[in-house]
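Residue numbers for the sequence shown follow our numbering, so the first one is 1 and each next one is one higher.
There's no promise every hint is true.
[To be verified] With a straight-line Cα cutoff of 27 Å, these simulated DSS-like cross-link-like pairs (lysine-lysine) come out:
id	residue 1	residue 2
1	115	61
2	115	164
3	164	61
[Stated by the list, open to error] Label pairs and their computed distance ranges (CB to CB):
id	residue 1	residue 2	range
4	135	165	18 to 28 Å
5	194	111	48 to 58 Å
6	101	187	17 to 27 Å
7	169	89	30 to 40 Å
8	194	79	24 to 34 Å
9	161	190	15 to 25 Å
10	102	169	43 to 53 Å
11	143	181	16 to 26 Å
12	198	138	30 to 40 Å
13	181	111	43 to 53 Å
14	79	114	16 to 26 Å
15	111	169	52 to 62 Å
16	147	170	45 to 55 Å
17	196	88	49 to 59 Å
Simulated from the structure, these hints should not be mistaken for laboratory data. Ideal placement from N, C-alpha and C gives every residue a C-beta, glycine not left out.
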Amino acid sequence: MDFTHRSHRNRRGHPHSREFAQHRSRDSHHFGHEWGRERGERGGGRRRVFDSGDLRLVLLKLIADQPRHGYDLIRAIEEASGGSYVPSPGVIYPALSMLQDLGHIGEVASEGARKAFAVTETGKADLAVNADKVESQMARLAAIASMRERTDGGPVRRAMENLKHALRGRLGGSDSEQAIVHDIAAILDEAAQRIERL
């Protein structure tokens, strides 16, 4: 398989080169700390789902299954977690950059403008050495999906849809009164507090 491996010193021409440059410096301090975000947490906060090494192994496993580009990987992780965990491009592309620098993946030809990545022999060897860790992290995603399936019941989804439509109808206009906005916010805050006390 023909890989186009490039050093981090020369990324011109890559469709995501701007994202690499922006996120690499901004997110470099997160290596070994928090990678990604999980939807549905109280207060919209963030918690660590994968550290940098675990995320790297998950991406490498998914790429080993079949060549993928960055967007494919985001969607694959979202699907594996039942929609609960959606890593951002600012998380995925620096991790892919590191995998390329390590020689674990390389670019391969694909349809369209996006560049797909495929695993190298070095990457396969890394997966073999870390097989237990890979299995553990994939099981973790499955557990997150299972938890969402248990908690995201039909009545709750229906109520959330009703709320969404009500908010659109009441706040959709540009002339929404500020007092109404504050009243709605107070109602939602109270509902959130009552749910937390259940």
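Results for each hint:
no., hint, result
1, 115 <-> 61, "holds (18 Å)"
2, 115 <-> 164, "violated (37 Å)"
3, 164 <-> 61, "violated (37 Å)"
4, 135 <-> 165: 18 to 28 Å, "violated (42 Å)"
5, 194 <-> 111: 48 to 58 Å, "holds (51 Å)"
6, 101 <-> 187: 17 to 27 Å, "violated (50 Å)"
7, 169 <-> 89: 30 to 40 Å, "holds (33 Å)"
8, 194 <-> 79: 24 to 34 Å, "holds (32 Å)"
9, 161 <-> 190: 15 to 25 Å, "holds (20 Å)"
10, 102 <-> 169: 43 to 53 Å, "holds (52 Å)"
11, 143 <-> 181: 16 to 26 Å, "violated (39 Å)"
12, 198 <-> 138: 30 to 40 Å, "holds (32 Å)"
13, 181 <-> 111: 43 to 53 Å, "holds (46 Å)"
14, 79 <-> 114: 16 to 26 Å, "holds (18 Å)"
15, 111 <-> 169: 52 to 62 Å, "violated (42 Å)"
16, 147 <-> 170: 45 to 55 Å, "violated (32 Å)"
17, 196 <-> 88: 49 to 59 Å, "violated (27 Å)"
Against the hints set out earlier in the document, violations occur for numbers 2, 3, 4, 6, 11, 15, 16 and 17.
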